[in-house]
Amino acid sequence: MAAESPVRCSLVVESEPSALGRPCRQILSALEAKGFGQDDLFAVHLALEEAFLNAVKHGNKMDPAKRVRIDYVVDQEKVEICMTDEGQGFDPGSIPDPRVGENLYRPEGRGLLLIGSYMHTVEYNRQGNSVRMVRYKDRPIPDRSNVPAG
Amino acid sequence: MAAIQPRISVEYKDEATVVAFTDEKILEEMDVRALREAVESVVEQAPGIHLVLDFRHVRFLSSAVLGLLIRISKRVYEQEGELRLCNIHPGIHEVFKITRLTNVFEIHEDVESATRSFSEH
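The listed protein sequences correspond, in order, to chains A and B.
Using this note's numbering, the first residue of the first sequence is number 1, and each one after it goes up by one.
Using this note's numbering, the first residue of the second sequence is number 1, and each one after it goes up by one.
No lab work stands behind these hints, which were simulated from the structure alone.
Check before you lean on any hint, since a few could be wrong.
Mimicking EDC-like on lysine to aspartate or glutamate, the simulated pairs with C-alpha atoms at most 16 Å apart in a straight line are [as the list claims (entries may be wrong)]:
{"no.": "1", "chain 1": "B", "residue 1": "Lys74", "chain 2": "A", "residue 2": "Glu108"}
{"no.": "2", "chain 1": "A", "residue 1": "Lys57", "chain 2": "B", "residue 2": "Glu29"}
{"no.": "3", "chain 1": "B", "residue 1": "Lys74", "chain 2": "B", "residue 2": "Glu37"}
Computed footprint of chain A on chain B; a stretch qualifies when at least three of its residues, placed anywhere within it, have a C-beta under 8 Å from a C-beta of chain A [stated by the list, open to error]:
{"no.": "4", "segment": "21 to 32"}
{"no.": "5", "segment": "55 to 65"}
{"no.": "6", "segment": "68 to 78"}
{"no.": "7", "segment": "91 to 105"}
Bear in mind that the values here come from a model prediction, so they are computed numbers and not experimental data.
C-beta atoms are modelled at their ideal positions from N, C-alpha and C, and glycine is treated no differently.
Required output: the full structure, derived from the provided sequences and hints.
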């Protein structure tokens, strides 16, 4: 049946913070069509925003010649999103924990923590310019207080 | 109630200034920058301000907004004012808990308890 077949899509988006609007609406609509709940929609929306801003600002460094590629698959059980920028990449382990000491009062540096707190799987490629994020339908993430920061 | 910009509304209640974010979603950097300018203009005009940020309309925000709140907080305390947050939707409160910003901001259930808290300190 059509409703049970996965939705797959690949998009290439400009390096512009506002460019996520349409792809985001498209992905969230696909989730709604597959029966994902409001908590799932909030989580995926937040992860998309944080990952895209990282890709545009820190990856592509707002270079208008560079693009961000978004690949996603939504099925009855989960959504899987890969976001890849054209930057040098980074080591997620090198990002300081924003919950510790003076970092708590810094205005930046919470994006990776939030992605890790709202998605069940978060993996980076070796270069560090591509993140793969998976969230399973209606499956809460029980203890978010000790999620690694990067 | 005076509208300063489309994105915030400002109300003076007892000794406090209550600034409500009027957007349901606060997302883009442009939005965040506009909000920062709007709120900071309120703070600059009132050294020693008792500022309440009211989130009653907000259902979604990103970490850029958390950064905005940190910046606003610093400015308020530099001006010897005080800051309270209130009416935070449960989904958003979870974001504050995850980032441990519940240890940084004084969060109240509603505007009344937030404004009352200034005289209690």
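Evaluation of the provided hints:
{"no.": "1", "hint": "B:Lys74 / A:Glu108", "verdict": "holds, 14 Å"}
{"no.": "2", "hint": "A:Lys57 / B:Glu29", "verdict": "holds, 11 Å"}
{"no.": "3", "hint": "B:Lys74 / B:Glu37", "verdict": "holds, 14 Å"}
{"no.": "4", "hint": "21 to 32", "verdict": "holds (count 4)"}
{"no.": "5", "hint": "55 to 65", "verdict": "holds (count 4)"}
{"no.": "6", "hint": "68 to 78", "verdict": "holds (count 4)"}
{"no.": "7", "hint": "91 to 105", "verdict": "holds (count 10)"}
In this structure, none of the earlier numbered hints is contradicted; all agree with it.
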